[in-house]
Amino acid sequence: MHIKLLDVETINKIAAGEVVEGPASIVKELVENSIDAKSGMITVEIKEGGTEFIRITDNGCGIEREDIELAFTSHATSKIEDVLDLFSIMSLGFRGEALASIAAVSRVELITKTASGIVGTRAVYEGGRMISIEDIGAPSGTTIIVRDLFFNTPARRKFLKSKASEGGKVGSIVEELSFSHPEIAFRFISDGQNKLTTYGNDNVRENIYAVYGKEYASNLIEVCGGNEYVKISGFIGKPIINRGSRACMNYFVNHRYIKAEVIRTAIEAAYSGFVMQHRYPFTMLYLDVDPRIIDINIHPRKMELKFQTDIDVWQLIYDICLQALSNSNLIWRENTSRDEKPKAVVEQKQVVPQPVVESKPVVESKPVIESKPVVESKPVASIQTEVPKVFEAPEAPEAPVVHEASYVQSLSAPLDVRIESFETKRSSQYTRYVATKEDISDDEIKEQLSLFEKKDKNEINPDDIHIVGQVFKTYWIMEWNDNMYMIDQHAAHEKVYYERFVKRFNDNEVYSQQLLIPLVLPLNINQANTLREHMELFTKLGFEFSEFGNNEFALHGVPLELCGVDEVEFFIEIIDKMTMYEGRNLSQAEIYKPVCEKIATMACKAAIKGNMAITEDEFKALIVEMFKLENPYNCPHGRPTTISMSKYEIEKKFKRIV
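Counting in the numbering used here, the final residue of the sequence shown is number 712, and the numbers go up one at a time with none missing.
Hints were generated in silico from the structure; no laboratory data involved. Because the structure is a prediction, the values reported are computed rather than measured. There may be inaccurate statements among the hints.
SDA-like, lysine to any residue: derived pairs with alpha carbons at most 20 Å apart [said to hold, decoys possible]: (1) Lys285 - Gln247; (2) Lys659 - Val564; (3) Lys594 - Gln567; (4) Lys360 - Ile347; (5) Lys706 - Met538.
Go ahead and model the full structure; you've got the sequences and the hints to work with.
What follows is the structure in structure tokens.
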């Protein structure tokens, strides 16, 4: 078979297969062009899910009449001039493929006018060929109408999903683009109905409120930080708004919505221990990155990129997210208004119990809690904060300040709003209702959002805490300052026990217990290499061993506190999990993640269980130590240790307040 050169029409249809997957990809390409054209307002309108009609209108710089034919030619662009520009790209588009690819498989109408032009220009393309071009009266900017998608490629058209599904994808793309550029006003209309409106006021929090609702907007943690090459800003969600999928993990690099494993894994690692397994957080992170250290030209859709140094970026994101979580108040609150619509209601000031430091030693009772005084000291960081300290994470905040009357400063500001339903209130992103200015005024939005801001810290006296009792031999109830707190004794003790081991690990104070008869462990080549490479880590964990020869090691000592855990199994499992990471370009925190998991398992097995009776004195000693922790809100596996309800919320349940 002879080799033939394909004609231009066939080439364009093949190229369109990479760029144009459906209506959503057309909207993405055209809106990105509008953004690159310095538009301040962009309207997206579709009919029949975008398969029959798409219209993109902007107020950008427009296209000169003499450039229109060239704009619909493959690989023609105004955004780069030579190959060196690929290494400093800040625009969203640069390949010059979008218009030619879209026109090749649809009927396209272009109306455009530059600010300096006297009249506008209207051009019509069908199947990649120009049908007509003429002068027309038009405002400055560009309008592109795309009709009859895949009219000339029926084989492609039959692979489109239902109109509702395709419309939902378009809605998701518009949401992503509106978050990527909050300074631009977006409007999305589907079949004549307004689905999304943002006002271009560069307020990300208000956009989150508009798209995701009050529950998300009221549980945000602002993040900010960076270095010479990467600046990070935006919001992450408190652990309570976790989801069963990664659909709400949003991150942007240089205002481009992307999916990058290095960013995703760093976020998930920071949330480890704050959310349960197979649950994922909400994030809206913006990374401003020096274009010289990234490569965006690796995928036709430009959804993926490569960093020059993955480890540095991973560690920076991990540190910033972890620090934000560690410094925030994360006590879970019981929801009392699941069916109520958002409204500006100023509720009674709610206060959170603070780390308690007694003025005299408190002796823990045996056998449940260690029998030793609770001393005034720097709070032991949680698994999420202290373990990474060994792996070069940021320093923990300073300890609470102790005052004469045994007062201590708050861990963080109190929560000011109740948590609404965990379930998503909207059936899909496509049908999501968004309030317009006619529904909610700017002042009302600001007033509602002001409820979510942190208030001044409060001080407490430990004597004011009143323990009410215990239910089901598992959950303790205590009262403090018009708030009721329910504490899971197992989760609380698991957290304390784990922190205790982590502190000793960081302070090199993990003690070993000598074995009467050393155990000889035969390892394979990879296991032996892993153990040799990380000998210092295993020694810090309390293991004592020596090489026996021929990849065999003699185990002489094991950690003293390996309660309920098989020592050899613990030792081998850590080696196996760390061996799986070998050869990958990972940070130390990622490499040592298996150690954290095994210590968490050990703490879980060693902690008191539900239905196990403990005395009130033992519980007091437990909560004194727990509230001294930097993150007392979750056990190492992500379950909450404490749930709270204010007096106001309880009275509302009993209809004493309506």
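For each hint, the structure was consulted:
1. Among the hinted pairs, Lys285 with Gln247 is inconsistent with the structure: their alpha-carbon atoms are about 38 Å apart, more than 20 Å.
2. A threshold of 20 Å between alpha carbons decides the hint, and for Lys659 with Val564 the separation of about 18 Å falls inside it, so the pair holds.
3. For the hint linking Lys594 to Gln567, the alpha-carbon distance of about 13 Å falls within 20 Å, and the restraint holds.
4. Our distance criterion of 20 Å between C-alpha atoms is met by Lys360 and Ile347, whose separation comes to about 8 Å.
5. The hinted pair formed by Lys706 and Met538 meets the criterion: a straight-line CA distance of about 14 Å does not exceed 20 Å.
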